[in-house]
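As they're listed, the protein sequences go chains A and B.
The first sequence: position 4 = 4 (full-length UniProt numbering), numbered continuously.
The second sequence: position 150 = 150 (full-length UniProt numbering), numbered continuously.
Mixed in with the good hints there might be a few duds.
A few chain A positions that, by computed beta-carbon distances, are all more than 12 Å from chain B [what the hints assert, rightly or not]: (1) 39; (2) 42; (3) 43; (4) 48; (5) 56; (6) 65; (7) 75; (8) 76; (9) 90; (10) 91; (11) 92; (12) 124; (13) 151; (14) 154.
Derived list of chain B stretches under chain A, where covered just means 3 residues or more per stretch with a C-beta under 8 Å from a C-beta of chain A [stated by the list, open to error]: (15) 64–76; (16) 98–110; (17) 149–159.
By construction, these hints were calculated from the structure, which means they are not laboratory data.
Computed from a prediction, not measured in an experiment: that's the story for all the values here.
Note that CB positions come from ideal geometry on N, CA and C, so glycine has one too.
2 protein chains.
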Amino acid sequence: MTFWKSFFNNKQYDQNNADNIKIRKENNILFIKNLNNNGRLIDIYLNINNHINLYDLEKLCDSVGWVKRPIKKVKIAIDNSFLITCLFYYQNNKKELIGFARATSDNSFNATIWDFVIHPEFQKQGLGKALMNQMIKELRYYDISTITLFADPQVIKFYKNLGFIIDPDGVKGMFWYPL
Amino acid sequence: MTFWKSFFNNKQYDQNNADNIKIRKENNILFIKNLNNNGRLIDIYLNINNHINLYDLEKLCDSVGWVKRPIKKVKIAIDNSFLITCLFYYQNNKKELIGFARATSDNSFNATIWDFVIHPEFQKQGLGKALMNQMIKELRYYDISTITLFADPQVIKFYKNLGFIIDPDGVKGMFWYPL
Chain A
1 MTFWKSFFNN KQYDQNNADN IKIRKENNIL FIKNLNNNGR LIDIYLNINN HINLYDLEKL
61 CDSVGWVKRP IKKVKIAIDN SFLITCLFYY QNNKKELIGF ARATSDNSFN ATIWDFVIHP
121 EFQKQGLGKA LMNQMIKELR YYDISTITLF ADPQVIKFYK NLGFIIDPDG VKGMFWYPL
Chain B
1 MTFWKSFFNN KQYDQNNADN IKIRKENNIL FIKNLNNNGR LIDIYLNINN HINLYDLEKL
61 CDSVGWVKRP IKKVKIAIDN SFLITCLFYY QNNKKELIGF ARATSDNSFN ATIWDFVIHP
121 EFQKQGLGKA LMNQMIKELR YYDISTITLF ADPQVIKFYK NLGFIIDPDG VKGMFWYPL
């Protein structure tokens, strides 16, 4: 069922080939699973590219109660993220966005995952795990070895189950905010 | 003495003006202080741009005992960092690199600081603090409100003094490494 181009392990990635990155990001759609959603079977897909409808994203973030952010700033953040991952299904030929995460990166050593969200109706069905595993796989494809994130207390266990470690060797996540 | 173009607070930053970012990064040099270095007074400067000699950087990282990294990967990381900050002085018309830090960012909401290093001969003289304060100032100029980093145990106090907070509201820094 999966029609992801699975060349993660058998193709040498050329670090200098920006076109390669672009083509890869444009074309990948992965079938995740089908779900029973209110008595109706729907197919859930994942894709990795920057073409996201910002209003769909706003609606998704709104569904989990996040503070609304200026759409202009969201656009800049999306444009300057290394990886954008979306979960969606089709309804009347329209994509319905139900999951999202993005990562900033130096494209080489480190990446940091931000804005991970799954629509409440679709939580606790393995979709977040599938999305996050795919992000890790994708970042590893680009030979990025340190994947970081900042986890709220209630999702620490979720990330632990994915293999994330808290404060390795006493390294602490620290934040600076404007007063 | 300072000839930094100090328009941090009195000029509205146009988020869409990529040229503005480029020009700003190309031209800024800031005088930090003069130091007595083995009986000789030297002027220490800071600049923010991507034109860094990678072998000078390697030498600097080597001086603090960091593991050597492939120069090709370092170049990609530099090219894809949002902010590169260098401390240096002039010796025989050549720049001597004595401090460095870089930040990845989505250019909008978040930034993460990596690879902060001060040459051992120049530590404990306020230079690291000056470098870090300038990075914060610069990121704030671009209206980035969440500045993050991962601190080794021995530098946590240093960052606390700069206003960084550990695990705010229980948010934990987490890492994923390949097995």
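**OP:** Find the hints from earlier in the document that the structure breaks and name them by number, from lowest to highest.
**Re:** Hints 7, 8, 13 and 14 not satisfied by this model.
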